[in-house]
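Peer 1: Full structure from sequences and hints, please.
Count the sequence shown with the working numbering and you get residues -15 to 51, in order.
Rather than coming from a laboratory, the hints here were simulated on the basis of the structure.
One or more of the hints may lead you astray.
[As the list claims (entries may be wrong)] Label pairs and their in silico Cβ distance ranges: (1) 50 - -8: 20 to 26 Å; (2) 37 - 2: 33 to 39 Å; (3) 42 - 3: 29 to 35 Å; (4) 6 - 28: 20 to 26 Å; (5) -2 - 46: 28 to 34 Å.
Model, not experiment: these values are computed from the prediction.
Built from N, CA and C at the ideal position, the CB exists for glycine as well.
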Amino acid sequence: DMIVHTNDGNVEVRFNHGTYWDQGTHWSGGWGRFIDGSDLGRLYFADVDGDGKADMIVHTNDGNVEV
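Peer 2: Written as structure tokens, this is what we have:
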């Protein structure tokens, strides 16, 4: 599976089905500021809740951490 940052600043998830990628599921809009490293902080991915899947962690510029 892959996370795609589109030209319009949206984030989509495209699932790998073995022989093809799906067209993408819209995750959120306006995340271009996260992805390009400007004023909203940084994104990290780690398994925070122990379910074996990566969770998105945002470290904001004001010092907060959000999952």
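Peer 1: With reference to the structure, classify each hint as holding or not holding.
Peer 2: Right, here's what the structure says about each hint:
1. 50 - -8: 20 to 26 Å: Since residue 50 and residue -8 have Cβ atoms about 23 Å apart, the given range 20 to 26 Å holds.
2. 37 - 2: 33 to 39 Å: violated, 19 Å
3. 42 - 3: 29 to 35 Å: holds, 34 Å
4. 6 - 28: 20 to 26 Å: With a Cβ separation near 25 Å, residue 6 and residue 28 satisfy 20 to 26 Å, so the hint holds.
5. -2 - 46: 28 to 34 Å: holds, 32 Å
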